[in-house]
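Chains as they are written, first to last, in our numbering: chain D, 1 to 533; chain Z, 534 to 841.
Just so you know, these hints were derived from the structure itself, not from any lab. There could be a bad hint or two in this list.
So the derived label-pair ranges between C-beta atoms look like this [what the hints assert, rightly or not]:
| # | chain 1 | residue 1 | chain 2 | residue 2 | range |
| --- | --- | --- | --- | --- | --- |
| 1 | D | 131 | Z | 590 | 46 to 54 angstroms |
| 2 | D | 132 | Z | 588 | 39 to 47 angstroms |
| 3 | Z | 666 | D | 5 | 30 to 38 angstroms |
| 4 | Z | 641 | D | 163 | 42 to 50 angstroms |
| 5 | Z | 643 | D | 131 | 35 to 43 angstroms |
| 6 | D | 106 | Z | 666 | 33 to 41 angstroms |
| 7 | Z | 643 | D | 127 | 40 to 48 angstroms |
| 8 | D | 219 | Z | 658 | 45 to 53 angstroms |
| 9 | Z | 554 | D | 5 | 40 to 48 angstroms |
| 10 | D | 16 | Z | 666 | 25 to 33 angstroms |
Here are some, though not all, of the chain Z residues that point toward chain D, as calculated from beta-carbon distances under 7 angstroms [said to hold, decoys possible]:
| # | residue |
| --- | --- |
| 11 | 614 |
| 12 | 622 |
| 13 | 633 |
| 14 | 634 |
Negatives, chain D to chain Z, calculated, CB over 12 angstroms [as the list claims (entries may be wrong)]:
| # | residue |
| --- | --- |
| 15 | 95 |
| 16 | 157 |
| 17 | 160 |
| 18 | 181 |
| 19 | 188 |
| 20 | 222 |
| 21 | 388 |
| 22 | 391 |
| 23 | 460 |
| 24 | 497 |
| 25 | 503 |
| 26 | 506 |
| 27 | 527 |
| 28 | 528 |
Heads up, the beta-carbon is just placed ideally off N, CA and C, and yes, glycines get one too.
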Amino acid sequence: MNGIWPQLRMSLTLYFRNRMAMLYGYLFPSVFLLAFYVLYRYERVPLVRYMGELLTVTILGGACFGMATTLVSERERGVWRRYRLAPIPTGALVLSTVVARYVLLLTAGLLQIALAMALGMPLPVHPLQLVVAFSLAALAFLGLGLVIAMLADNVPAVQALGQTIFLPMLIIGGVAVPLTSLPDWALHLSAFFPGRYAVEAIQATVNGAGLSTVGFSLVALLLIGVAACAAGAGMFRWDAKQRIATSSGKGWLAVALAGWVSVGLLAQWQGRVIPMELAAERAAIASAAAAPPAAPTPSAPAPGEPANNPSPSSTADASPAGHTVIAAPASTERQTPGASPTTAAQTSTPSGLITPPAAAAAPSTTAPIAPWEKVTIEQVMADLVFDRLPPDAGVVTPIASTAQDPPEETWTDLDVMYNGLQTWAPGRVPDILTRTRNLLFVPAVVDVFQLPMEAHVPLMVYETLERDIDRDVLIRVLYWIAVNPDEGSDAAVDQMAPLGLPNGPSDMQEVRGRLGIYAVKLIGRLTGARPAR
Amino acid sequence: MPPRVRVSDLRKQYGAFEAVRGVSFDINDGEIFGLLGPNGAGKTTTIECLLGLIVPDGGTMEICGIDARRHPIQVREKVGAALQTTALQDRITPREALQLFGSFYRNRLPADALLERFSLMPKADSPVDTLSGGQKQRLALALAFVNNPELVFLDEPTAGLDAHSRRELHAEIHAMRRDGHTVLLTTHQLDEAELLCDRIAIINRGRIVATGTPRELVARSTRAQQITFETDQPLPDDVVAAFPGLTYPGGSDRRATLHTNTTGPAVLALVSTLESRGIGLHELHLQKASLEDVFVDLTEAEPAERTT
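Make the full structure from the sequences, and use the hints.
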């Protein structure tokens, strides 16, 4: 089509002459990135987990506000009316406008990535796929921007419409607030917005397994983008005098909406509304709850019980005999004692706390696990041997005494953790078992990393648990966790950022081992069987 | 040679409001044709229909031999236009704008030639938002010529300009005729139409009420002549009643105007009547009707028609 190229070149030239546009287009994304960098400064690898959100916000702003504002203000002033006197087809102008904006978004995205890499982020794992994901996200949001521009009769209307889409998408659309922190109704709603698909697709190419794992998101972005672009072209208005209310093209809005609705329904139908990590966590809880009460207490399961537990990987720790393994890892085949030299050399391993069970030798046994509700206090007191726990002043699972002040250099970190704990999503889940397990992971992770503040973290967590959970319930739950450290989700270990902690140590067995010991130590305190120093 | 523009029975309605109600006119090769009418008469709607910016409800339009309703893009290729309420991006320069818009046409004039011709060279590389009103209007004209058009449409080209800029623009339009361009211009200013146009169509409330050269229109007027006089005393009622074409405010006023198309007998009758009543005559002027009179007559008759 005649004139597309000169028009594209001129759009870009004019954009770079406009200081305000430069401010919005490049400075804001950079500032946003730096803000994230500061906010998540405790991450081991800076920014890598937030590139999906950062790039999506850049696209969202540039398309919903940047492009729509330019289009509408030019239309209001009569610029489009002037173009219309020339023999240039509507499609050519729309196309060159959208492509120009795409080029700008792409450069802003590259700037963000370059900046992030300068701050220490490695090159995205799938750079070419990143371009694909970014482009599809841009398509979806540019289409959205076009629709906004055609719906709005003037620039203030763009701001209003843009905000009504921008803010919800940011907050409950999975863009600025992670999906795992959202309630179910918001998750269902977010499935109708392109935001979460954009974040997911981009993130998968930055530090994930690439585009092959996010096919649905790509299809969703494409569908939303194509529908919105078609609607935008169909609703195109040259003249500010043509108001949307009287415009003949407003029926095209249905096409754009159909794109969103069909993506949302498709996601519901395919069961993609709940994000995978959240679904996994819930499945674990569900399977624990669904375990049949065939074995009334952990001490007496029937050895020949049929295998009806859906998570067969780690049921070996339920012992058939009178004593139970606590923090079994060292006694199972998954981790040899030598794998963790500090532990083995300096203390008795957790397996030494309790008589080694016969079942440990046969990990393939799939006896069902009784739920924690079946645990009795008597059983707890009968089973546990507290005097063989590693000392609180030792290297493994240390706990400071209340009289001991934390070293000054840890104050900031402890402060961050204390504040983080108040709102930490995994520590607030309704399920008591999961919540307790998640919270106990905090001192366990700190201990494994041997951070300077390690001795002061357990008290903070214990306090939280004692404050929120009834003593007897807590004891039974702690016992269940100590007996079944491998049961349940480990997702919380990878959500430590709000607490100022690096994520997941690679050796999960070690973390689960510490989890068990901290659980038993707290039981000791709660029951008075092993008072605090 | 067939007319450059042939419009017949053009109609456009916005809801219940009929903006254009059966407009027909021809524009011949090389002439400057003026659509003259008060604001809201349907001038802009007519031009926008011709350019394909508005889809008319009825009628036929042929421009340079092309059916304008079927092939609006082909029409735009041959027509240059400067419309009201068009603008350019603030930061674009006149040179860039002329190059950009030139690129949309198959047939184009070099930007330098247009900058020279419309005296924009000194501002060629300044952003458009630093141009004066007159310079902006000259740039709009230059843009209308970017495709070396066979036909030029100018919608209210001098609206909002100061006297000096208007004179400059009038000179430009005269130059267009000298260069053999065919021009359709709309205006609500009579002096402009009289000064610039070879032929005029007066449009009012969506209808053409008269077409012709300015001279023809004046000559065709029913009140071709105007007699203005001043007496030494107010006119008695019976005298006023004796002259049907007399406009007299009444009361103590001593000035009156008499419209007539038989000047000689009218003057004779007036003078002899005043003489016989002993009314002294201070002043008496004979005046040919102006285009303004024609315009006012034609456009003021309408409201009455509408109320009936």
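Violating hint indices (sorted, rising): Those not satisfied: there are none.
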